[in-house]
Amino acid sequence: MSLTTESSTNFWLTRPFSERSTQIFLGVLVAALALVTLLHVAIPPENPLHIGAYTVNLFGKYLSYALLAVAVDLVWGYLGILSLGHGAFFAIGGYAMGMYLMRQIGDRGTYGHPVLPDFMVFLNWDSLPWFWQGFDMAWFAFAMVLLAPGLLALVFGFLAFRSRVTGVYLSIITQALTFALMLAFFRNEMGFGGNNGLTDFRELLGYNLRNNDTRLGLFIATGVALALGYILCRAIVTSKLGRVSIATRDAEARTRFLGYRVERFQLFVFVVSAMLAGLAGALYVPQVGIINPSEFSPIFSIEIVLWVALGGRATLYGAVIGAILVNYAKTFFTGVMPDAWLFALGAMFVLVTVFLPKGVAGLFRHIKRRKRDDNSAKPTAPKEASA
Amino acid sequence: MRRFLSLGLLCLLLLSITVTSQAQTSSTANADAAALELLEALNVKSYSAKGDAITAILQSDDERARDWLQALLDGRLQSTDDGRIVLVLDNSGREWPVADVLTGEALGQMSRRDLDRIGINNALRNQLRSAIAVVDLYSPNIERRRHSAERLLGEVDETLAEPLSELIAGEQDSQVVRRLSQALAIYQVESGELAGVEALRGSLHPRARVALSRAVNGDDPIVADAAASALGSIEQNLKINRGLETLYFGLSLGSVLVLAAIGLAITFGVMGVINMAHGELMMLGAYTTWGMQQLLPGQPGLALILAIPAGFMVAALAGIAIERGVIQFLKGRPLETLLATFGISLILQQLVRTVISPLNRTVITPEWMSGSLVINDALSLTLNRMVVLGFALVVFAALMLIMRRTRLGLDVRAVTQNRAMARSMGIRATRVDIMTFALGSGVAGLAGVALSQLTNVGPNLGQNYIIDSFMVVVFGGVGNLWGTLVAGLSLGIINQVLEPWAGAVLAKIIVLVFIILFIQKRPRGLFPQKGRAAEG
Amino acid sequence: MSLLQSLTQRDRVFDFMAPQDSPVDVRHGPILYMEDVTVSFDGFKAINNLNLTIDDGELRCIIGPNGAGKTTMMDIITGKTRPNSGSVWFGSRHNLLNMNEPDIASLGIGRKFQKPTVFEVLSVFENLELAMSADKRIFPTLTARMTGEIKDRIDEVLETIGLTALRHQPAGILSHGQKQWLEIGMLLMQRPRLLLVDEPVAGMTEQEMERTAELLTGLAGKQSVVVVEHDMGFVRSIARQVTVLHQGSVLAEGTMDQVSSDPKVIEVYLGADDDEAA
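If you're matching them up, the sequences are chains A, B and C in order.
Just so you know, we're using this note's numbering here: the first sequence kicks off at 58 and counts up by one.
Just so you know, we're using this note's numbering here: the second sequence kicks off at 3 and counts up by one.
Just so you know, we're using this note's numbering here: the third sequence kicks off at 875 and counts up by one.
By construction, these hints were calculated from the structure, which means they are not laboratory data.
Each residue gets a CB set at the ideal place from its N, CA and C atoms; glycine is no exception.
Treat the hints with care, since some could be wrong.
Unchecked claim - A few chain C residues facing chain A, derived, Cβ under 10 Å: (1) K954; (2) R985; (3) M1020; (4) M1063.
Isolated chain A, as found in the complex (with noise of 0.2 Å):
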């Protein structure tokens, strides 16, 4: 990578384009795409090969889980900053989408009012709250997808880099935050629908969401956001900017000396990072059909975390590996013995820190690095910042 430093007099946007890494992935994540559609457009139900629309909808969810590891893995890996309240960010973004959706219902749901959500109409609610207004617009909504987590890091980041609150005092902050936030979301005086959240979803942009292209559309749509997410971030961590990053996360105050703000650079990253997760709640909602208080939950937040860690930090595919692998172990063990998912995750936690520092992508690497014995790597695996 020391090379595409020197060589990289490109533009920033489309510098991730010429590394090799990315264009594996990128190549990986098409080809599954086009798979999945081919396997379930062109193939008939019968053939045991056929992908069903339930099954779709599930690699969905995932895809937009992969995208909120990779705005995790973007802050914790390269910035060093382990954000325990990234659920936050992510089901911000879906109440967002939650609150176009419900809009979107008009006069179809159970009270038949043409303004008022049912929720609201049952708590006798007689007009809108100020911050439901302008949802009805898709435009305004999907801005609102990415302008309101940021503007909460935006508050968030600025009062804590700026008083250098860093490892895990920032951790358990950041915890509080969406702590605090799950509480607050369960009132339902703060017309977020309460305990039951948002639900009943018919249509978006105009197309059902019970229907199956639509569904399909959404799998895609994620799949490209995941793209687009993962070049972003790409772009940035090859950038100057990252290398000013992973030097925060090593050395602080070295960092500072040489001149960079770097509780600057913290806030910009924090903040596209939770614009990400965001994107990825906004996706995850039409897939999941609700929304509710419990995307805040703490042990959310870290589960995502233990995504990252599973996958291998720093690396932003570890990331994507690591969420795919360990949500599709939870559908299978939520499936076949559920009591048996919570011992498989906490053993996942002890054994990935102890025994996997740097994920499956590490172990991708040892290997290669093996067989093309090649001394010239650099060793990327982040060295911890002592807290």
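Chain A is already provided as a structure; the job is to place chains B and C on it using the hints.
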């Protein structure tokens, strides 16, 4: 109205009871026959006839009258198929033990199908309660007299007023005197007497307040003014008491937070390690208490006391296992440690769910911890919270002693301040780590034992406290026990102060947001460590 | 693409928002001027009424026993520690006490730490690239390109510190001495006016020490250099002016010969503590 009338009737009898009760040595056979007749009069359909029968029983001067009335009130006075009236001793289950209503002699068990309850309606129930109250005022048992005096508040009418004054004059117990005087004063206020208003000044009983606020709207302007002023001072007093109550609840919550956080503060301070399984170690302590009570059925108090060392040991051993099994391999990687210990917390929770039960277990509160300490009519402090508060302070003091006065404490402080230097001075940092982790985990176990007395014992017990404990540690400053104490208690109080006007959930959110903002201002907590050692 | 580029570079328009990059004013002589500076930690005075002046282009060595306040003095100059009282000026225009660390760094004060801290997973080349004086705001950094000019500059420094052959190696594999040079190289990339060098030869071999002496003396004249060092032999080999610190204030100042014959210095430092003077 009916109640007042019957009470009035009763009062006429009061004097005669006192006069005749000593002289009652006449032939028991005669008395029994008369009594039986009285009791059988109860076994009729008409409620008004029953009321008359009750009055007759009261008039009978029989010393067993109170028990009969109580049994009637409890529905334990029942008639058999052949019309005999018996006393049911315990009306749970299918077979009930019964006793002879006159002699109290046990008659063995009877099926509940063969028994018929002598029914009463609400009016009769009230009549009975009042009757028992008045009868009780003459009981030699002080507790009974106090109880009955309490019940008279707001129930006095003109016929009762006079004998009441005499009772007050003859009463030895000051509590009974106070209650009876209040009862009398309420009657006086209700009948528009100024003396009553003055007597009620400062009384915090809700009945007194009701009487006074009625008097404020009364016809007599002098009485109304006096009542208004008395009411004002009472409100003032109530406000203070409410404040004290909030403070007490705040301290109680705070003591729980301190217990939960202090072990965390020790491990975090010394090893820089966040132990996410700390809450589950507390859970283990709570389950140890439950287990002890299962082992020693019928002795919840002893079990609880034994659970203190046992809970400490169980959690400490679990802590050592975690330290040796996982944390020692993650030296210098605090974030990874956080994740690994979180995994352990999931495993421990699921283990309890699988092995014991996903449902909450009941831990019995021993008698000496239940009930409350009554300060006055508006303020009573629950004993279990007080014991936990005391326990937290004792644990804190003990930890303080360990840190200040023992070799381990010295080593711990040395390692906290400068690990490398401590090592080079011959302190075996690894051993200190193990001991510290055991100590911190053991304290978590103690917290669990204490919590089992305040909250449900279930697999989620730890989870509910872990974030709060983090907040306390972060707020107080790492490696500073005083900081943890101050932070824990003040967060508890802040939470309780906010709760009345913000609601429990919003109060919690406000506290979290406050800490998130606080940490921006003072990233190292209330009591940060200073100098070179703190950086790096 | 070019449209996109011009869009992403639009932040350059906002130059007026950037802090005024006023040059350091050294017309009145000294580049660094510390007066009556006092710092105390919990009552302990680490710096006590310190007065120090460094001239432009000077190479100054600062010596003193442990706890004399050398590191704290560096901390004050770089903005890491705020003094309780006193004033610190850079040139005659910049009051350093009103500035934060990155501002002070971008003004042209570079610091090399006692313990070498290079970015271990980044290559030697990348370490120098990050240190280079450039627009260090976010978007310029994000869109930064590697031009021939920048490469030449890095190559030049690589040559100076003798690490050209190791340019693509991660800095983590460098030897201790090489890391110290890389640190100095990183300072040079910042084109500093004033270089603060903390114990540059601690733990170095004889050869490495000689090489370092050459490097530092070569720098003087172009930049002002302040070296804090324990090793008397090394100080003697490079120093023209020496300042002795003791208990947070200046005990003596002059050439190495003057200083080492000063009875006060001999008493508190050279005489009393032979092993340190070695």
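Here is what the structure says about each hint:
no., hint, result
1, K954, "8 Å, holds"
2, R985, "6 Å, holds"
3, M1020, "5 Å, holds"
4, M1063, "9 Å, holds"
Checked against the numbered hints given earlier, the structure satisfies every one of them.
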